[in-house]
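Q: Top line first, the protein sequences correspond to chains A and B. Residues in the first sequence are numbered from 1 upward in steps of one, following our numbering. Residues in the second sequence are numbered from 1 upward in steps of one, following our numbering.
The set of hints was computed from the structure by calculation and includes no laboratory data. Fair warning: this is a prediction, and the values are worked out from it, not measured in the lab. Heads up, the beta-carbon is just placed ideally off N, CA and C, and yes, glycines get one too. Mixed in with the good hints there might be a few duds.
To be verified - Chain A regions said to be covered by chain B (calculated; three or more residues, Cβ under 8 angstroms):
1. 16–26
2. 339–349
3. 467–481
4. 545–555
Unchecked claim - Partial list, computed: chain B residues near chain A (C-beta under 8 angstroms):
5. Phe10
6. Ala90
7. Leu181
8. Ala210
To be verified - Derived EDC-like pairs: lysine to aspartate or glutamate, alpha-carbon spacing no greater than 20 angstroms straight-line:
9. A:Lys399 / B:Asp142
10. A:Lys6 / B:Glu132
11. B:Lys123 / B:Asp142
12. A:Lys61 / B:Asp19
13. A:Lys51 / A:Asp139
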Amino acid sequence: MSRWKKGLIWFLTFFFGLYYIVEFMFPEEIGGSIDRSGVGAATAVQANGWKIYYTAIAGPKKPDGSPDEKLLTYRITRFPIESPLDRQVVLAPSAFRKGDYFGCKNPSILINNDLWRMWYVGVSFDNRRPKVMVAESSDGLQWTGARELIPDPLQRNARLKRIEDDYEQQRIDLGRDPQALKGAGVQHDRAVQQVRDETDWLSGGIDSVCVRREGDGYRMWFVGKGPDNDSVGYASSTDGLRWVIQHNPIQLSKTYQRITSVTAGPNRHVWDLVFVADGTTYWQRYPDGVERPLVVETGRRSYGSVSVDLVQDGDKYLLTTSYLLEHGEQALEMFRGDPIAGWSAYGPEASPGPGGYPVFPKAVPTISRIASWVAIVSAFAVGIGLIGLFRIHVGRLFKRQSGWLDSGGFLVGLFAMGVALILQRRLDDLGPNGAVNPKYRLFVERFFDLTWQQILVPLTATMFSLLACFLVSAAYRAFRIRGRDATVLAISATIVLLAQVPIGDMLTNWMPPGMEASFGTAAVRQWYLDLANSAVQRGIAFGVFVGALAMALRIWLSLDRIGVE
Amino acid sequence: MEASGQDSRFRWPNIPPMDHASWTIRILFFLFAAAVLGRIRAAKRGKQIFIRRIRGIDALEEAVGRATEMGRPIMFVPGTAGFDNMATPAGLQVLEYVAKNTARYHVRMIVPCYVPVVLPVVKNIYEQACREVDRTEVYNSDDIRYYSDNQSAFAAAAAGTMIREQVAACFYFGSFGFESLLLAETGQRIGAIQVAATNDTFQIPFFLCACDYTLIGEELFAASAYLGRQPTQLGSTSGQDIGKLLVCFMIIVGSIAAFAADSSGFSWALGLFSR
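Extracted from the complex, chain B is given alone in its bound form:
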């Protein structure tokens, strides 16, 4: 068969399959968005919103203080995912807070990056944080490093840096794979204070075992609100809780409907939840 014409052929754009929402999801989305935006508005109007104490986040300041006393740097790993994973922006918000603290106390912060696109964003956040606390001299762009997008190579490089620099504290905020344990165990061995927060349920046990403090699941997203006390973030965190209550209510009603469908033929009630 001739090969002519192959190169000039029209090629379809390669995009992943598009998901479309069901009716339940559509309604839930709007209710949830209304809850979050409503609470943000309330917070902006001055409504006091309570967030419970998160010990792991309190430990951030303690760890920076320890690094200051020891005169050693700290390491902040913003996960191994890009911006398509919401854990990365959540981690970067915490990084902003830590960067301000380290800059204030003249502590070096080393940030190894796994995804190339994250690197310039981290640089920007770090530089801006230093400027905000009038410590521009602390900012050193060489401390924000791109290592590799190979998990093993990244873990090896980050762990090597930890040992060489003898970091006093390690913070892991973001999405992680198997490198979580490699990093956390290395940090444990060099005696660093470690705080971790991840949205990956498979990595949480590893961090729990190897770190001093671990934020579980949604605490990662609440961390920035807890630290910054910004009305937007406080309201959003409170809105999340309303959304969760709503879904809990649906779970209870759905369970009763399933029971009713089995026992008395109310299958239409169950059908409402499956649309």
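Isolated chain A, as found in the complex:
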């Protein structure tokens, strides 16, 4: 073998080994996939093709495998719709900002004359309370000036303090006489109550914002977190920075316990309001005020919706939704359509995509593509094998050598099985409602059933069942007492076998219960299996692992070259 070939083999072996070792050595928290705990609320932006801005969720897991919500970190990340693996974090939480100290999530982006503005929810230092933040950019990648947009919902505390101060001042002015205060029309309690009524539905903060332009102004829909339940709120602004919040939440047909996301899309002269409440996505077209469930067929099994976003794309909407998977992780998926005509899948398939949490997610497609060479080599090997088989058996058949009948049977079986599988696969591809002659379908299904289910499966089962006979014959040889070791083996095997049958119990059931629990046949058998046998098995397995590790190390460093001169 030439030096060039040897060098190439050495390089490939070392490079791939190094990749997997580094991946294994790094904890997934370091560098690992930025969205290893889920892909959350997202929005689409049209700028040289669609760019998806989404909430990348990362953090430790609970013992049951689900993400630990109290320790999660949220980062706003972007990828082009055609290459989802090119993910870039565009806005990360900062220790210098209280507003998004623990995370940045739920982005809503508008572009106006090269100025990108992003409204998002910050997970604040203040007990992870959600706050509305804003940041600006010139290219959609570098975001600056991140700041709290609405420091506290309706500045409730400041207003209450002002009322208290006014009341105290008037008490001083009026000589602290309650009757005089009443006579002067000072309604302290009512004023406080009024502020509370106006702001209670926002007392837990503002979550999930959606900002849209209308004419020269801006509209904002948001989720208000109340003490008992959540609500959908509305605000308006002329510049997108100073907002006037409507005092009361939007009237929905019923009270929802938990609203996690809200979005709105313009539909000619009306707005479509879409929100996720208690795990279900609802749609309401203004001004009728009636919610209807909005259903999309997600690629992976959904355990409840989490977020939704609508962006206009021509005469349709681009809907981006995230939903819960089995272990509490979140997947992202996109659809195109509208609430009346329906939705079709769009963009990348449901994420999170790369299995596991690789440290170098961008290397994954390249590595897996190269690894698929093994499949190609295997396919060629199978092809070579088939040619060899044909050469041997066709030759034997035509020359009428010994065993020519078997060769004929083999060739017929090979051809029949191949044809049956190809025809059945084509039928499967067409689906149960495919345009196929029913007689042809019946023929193919029966032919496949005959070759695979009625010939191959019983033959395989026959081979497997031969084990029963072979086991008896092997056991007979093994239990012959030829020496000390064989005697120990025979005694142990006899006890284990006896304990499997009723007669074994009968042998020791005369013992007192306490004694039988320790020295009965069943107890001794269990001791053999759980302690003696288990310890030996683990010892062997441990030696195997150590040996395999040393072997792997030798191959990785090309100290041993299997099949290479």
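Given the structure of chain A, go ahead and fit chain B onto it with the hints provided.
A: Only chain B this time, still in chain A's reference frame:
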């Protein structure tokens, strides 16, 4: 719902979940690698390394000699796993040694393959071994056969070959499934000398019952060092033992720590092992 756009959707690469090491494993890995590489270096510098006698491996030569006397072929089964299982390369190293011996004595060696990728590697090893002992005429590529990747079919084909060819010896080196007993029992019935080595703890009892010699667990990995006496392999085998001693020490310390944690509240000591 419309189906348009489905085919052009981006599909995520399908890779199995990635495991990440804990701190204990990271430290152990580096210690173990240092032990193996250190011993390899020592062996290359001429340090004598002792490996105890493994009777099963001594029997390989005896079996080839018997096949020569009887004028019958031998069969070498390199397991039913691919190269992702370290037992396969370990088995192939033994195959190289057996191939040289059979070629030297003009004995046919039949190698049934279960995994397609293993077949060209076996051919290469066999051909190279024949060339090294100047017996290129012995090499016959038809004796290295791909049978099937279905366990039952493979076992049936390999067992059929054993009976038809009346092989004098059968060697099973690699990873096996339930076919181990089907093959070994067939070999027993035709009176072949059988040597087996596998890393699969469930198949070891079957081989023990049906074969004349069985290498248990790590002996499979030590076999090539024992046969070849190459410094790399001898050093690696010795390094493995140091690694095992290290882990045995950890087991003892861990047991004491567990006992201390239970009896006197030294739970931090136990915590060190669970990181």
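Q: For B:Lys123 and B:Asp142, compute the direct alpha-carbon distance and say whether it is at most 20 angstroms.
A: holds (10 angstroms)
Q: Hinted pair, alpha-carbon criterion (20 angstroms max): A:Lys61, B:Asp19. Please report holds or violated.
A: holds (14 angstroms)
Q: Quick check: the segment 545–555 of chain A, covered by chain B? Criterion 3+ residues, Cβ under 8 angstroms.
A: holds (count 10)
Q: Given B:Phe10 as an interface hint, is its Cβ closer than 8 angstroms to any Cβ of chain A?
A: Since the shortest Cβ distance to chain A is 4 angstroms, the answer is holds.
Q: Can we keep the B:Ala90 interface hint, with Cβ of chain A closer than 8 angstroms?
A: For B:Ala90, the interface hint holds, since the closest Cβ of chain A sits about 6 angstroms away, which is under 8 angstroms.
Q: Need the status of pair A:Lys6, B:Glu132: alpha-carbon distance at most 20 angstroms?
A: Given pair A:Lys6, B:Glu132 holds - Cα atoms ~19 angstroms apart, limit 20 angstroms.
Q: Is the listed coverage of the segment 16–26 of chain A by chain B valid when you require three or more residues with a beta carbon under 8 angstroms from a beta carbon of that chain?
A: holds (count 4)
Q: Given that the segment 339–349 of chain A was listed as covered by chain B, double-check it with a C-beta distance under 8 angstroms for 3 or more residues.
A: holds (count 8)
Q: Closer than 8 angstroms, Cβ to Cβ, for at least three residues: run that test on the segment 467–481 of chain A against chain B and report holds or violated.
A: holds (count 8)
Q: Against the 20 angstroms threshold, does the CA-CA distance of A:Lys399 and B:Asp142 hold or violate the hint?
A: holds (18 angstroms)
Q: Verify the proposed pairing of A:Lys51 with A:Asp139, using a straight-line Cα cut of 20 angstroms.
A: Holds, at about 12 angstroms.
Q: Restraint: B:Ala210 near chain A, CB-CB cut 8 angstroms. Satisfied or not?
A: Holds, about 5 angstroms.
Of the hints listed earlier, there is not a single one the structure fails to meet.
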